[in-house]
Amino acid sequence: MGISDQSANSGARTNPRKSPRSVSVVEGLVSALGRGIASGVWKPDDSLPTEPEIAHRFGAGRNAVREAIKILAAKGFVRTERRAGTIVRPEFCWNLLDSEVLSWMLSALANRDNLLEELSELRAIIEPPVAALAATHASAMETLRIFEAYHQLEKRQNEMQKAFDADVLFHELIFEASHNRLLIATVPAFSLLLRTSFEISVRTGEPLSHYLKEHKQIADAISRRDPEAARRATRKLLARNTTDLSELIKRERRSRK
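Sequence positions in the sequence shown follow our numbering and run 40 to 296.
Hints should not be assumed to be uniformly reliable.
Mimicking SDA-like on lysine to any residue, the simulated pairs with C-alpha atoms at most 25 Å apart in a straight line are [unchecked claim]:
{"hint": "1", "residue 1": "Lys-201", "residue 2": "Pro-227"}
{"hint": "2", "residue 1": "Lys-255", "residue 2": "Glu-160"}
{"hint": "3", "residue 1": "Lys-252", "residue 2": "Pro-266"}
{"hint": "4", "residue 1": "Lys-82", "residue 2": "Leu-155"}
{"hint": "5", "residue 1": "Lys-252", "residue 2": "Thr-282"}
{"hint": "6", "residue 1": "Lys-109", "residue 2": "Glu-92"}
{"hint": "7", "residue 1": "Lys-275", "residue 2": "Ala-228"}
{"hint": "8", "residue 1": "Lys-252", "residue 2": "Asp-265"}
{"hint": "9", "residue 1": "Lys-109", "residue 2": "Gly-124"}
{"hint": "10", "residue 1": "Lys-201", "residue 2": "Leu-183"}
{"hint": "11", "residue 1": "Lys-252", "residue 2": "Gln-191"}
{"hint": "12", "residue 1": "Lys-109", "residue 2": "Thr-89"}
{"hint": "13", "residue 1": "Lys-109", "residue 2": "Arg-122"}
{"hint": "14", "residue 1": "Lys-201", "residue 2": "Ser-146"}
{"hint": "15", "residue 1": "Lys-252", "residue 2": "Ser-262"}
{"hint": "16", "residue 1": "Lys-109", "residue 2": "Leu-136"}
{"hint": "17", "residue 1": "Lys-82", "residue 2": "Phe-131"}
{"hint": "18", "residue 1": "Lys-82", "residue 2": "Ala-113"}
Hint data in this document are derived by calculation from the structure and do not stem from the laboratory.
Let's have the full structure, built from the sequences with the hints guiding it.
This is the structure in structure tokens:
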């Protein structure tokens with residue numbers, strides 16, 4: 040793991056008066072140590088190397104190491120004890136709604152399959168009611184923006200990155216149109232999971248047109264203010280995603296044997 044192993048969305052709580060260089064070093068330490076913990080280099084109840092050891096290993100100052108440890112503690116990854124040092128906490132303590140934590144876990148092959156299966160379960164629980172809420176509460180402008188995202192997805196289906204962005208935006212806008220502040224607060228983490236889900240959909244080999252029908256049905260139901268139709272269309276889309284994901288995971292597991 041190198042100091043350059045950084046996340047694009049670290050969420051590091053750094054002092055705005057610090058220089059860009061010191062912020063970059065802290066972010067790099069957080070990412071490197073976080074990925075190490077997520078991938079099992081350091082397991083629950085293990086002690087991390089001491090401050091001087093981490094500073095030497097990564098070519099960082101001890102103040103940067105202390106700041107990185109504070110950030111990891113805020114994410115639930117570690118705790119500090121006076122005599123024992125910095126201890127790795129069990130996974131159930133981790134803040135799994137932190138997009139950076141999720142990115143570290145998704146990058147660890149050992150976690151990936153289980154996490155993706157859990158993603159399907161989470162989407163099945165959350166997204167149909169969110170779509171129903173959007174059908175109940177969406178303003179005319181919010182409905183228009185959802186349709187615009189759908190049309191971008193349809194138009195850009197052969198341009199992976201643009202289609203990717205349009206798909207994530209489509210689902211983000213539905214969350215926003217729910218007008219539920221607690222659900223909206225989960226959007227950063229959920230967006231990362233949606234991006235991962237989209238990447239997987241592409242890897243199944245199915246064309247994006249395979250999924251467009253359900254997206255259109257969801258948008259239409261929200262426009263008609265029909266919560267039950269929005270719920271049904273979302274369930275239909277997620278059932279298709281779950282089937283494709285299961286097949287992909289089976290193929291990848293066979294290829295690793």
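Now for the hints, and whether the structure bears them out:
1. Lys-201 - Pro-227: 19 Å, holds
2. Lys-255 - Glu-160: Satisfied, since the Cα-Cα distance of roughly 22 Å is no more than 25 Å.
3. Lys-252 - Pro-266: 18 Å, holds
4. Lys-82 - Leu-155: 21 Å, holds
5. Lys-252 - Thr-282: 16 Å, holds
6. Lys-109 - Glu-92: Holds, at about 17 Å.
7. Lys-275 - Ala-228: 23 Å, holds
8. Lys-252 - Asp-265: Cα-Cα ~17 Å, so holds.
9. Lys-109 - Gly-124: Within the cut-off at roughly 13 Å; holds.
10. Lys-201 - Leu-183: 19 Å, holds
11. Lys-252 - Gln-191: 14 Å, holds
12. Lys-109 - Thr-89: 14 Å, holds
13. Lys-109 - Arg-122: 17 Å, holds
14. Lys-201 - Ser-146: Distance ~23 Å between Lys-201 and Ser-146 Cα, so the pair holds.
15. Lys-252 - Ser-262: The hint holds at about 15 Å.
16. Lys-109 - Leu-136: Roughly 18 Å separates the two Cα atoms, so the pair holds.
17. Lys-82 - Phe-131: Holds - the C-alpha atoms of Phe-131 and Lys-82 are around 13 Å apart, at most 25 Å.
18. Lys-82 - Ala-113: 18 Å, holds
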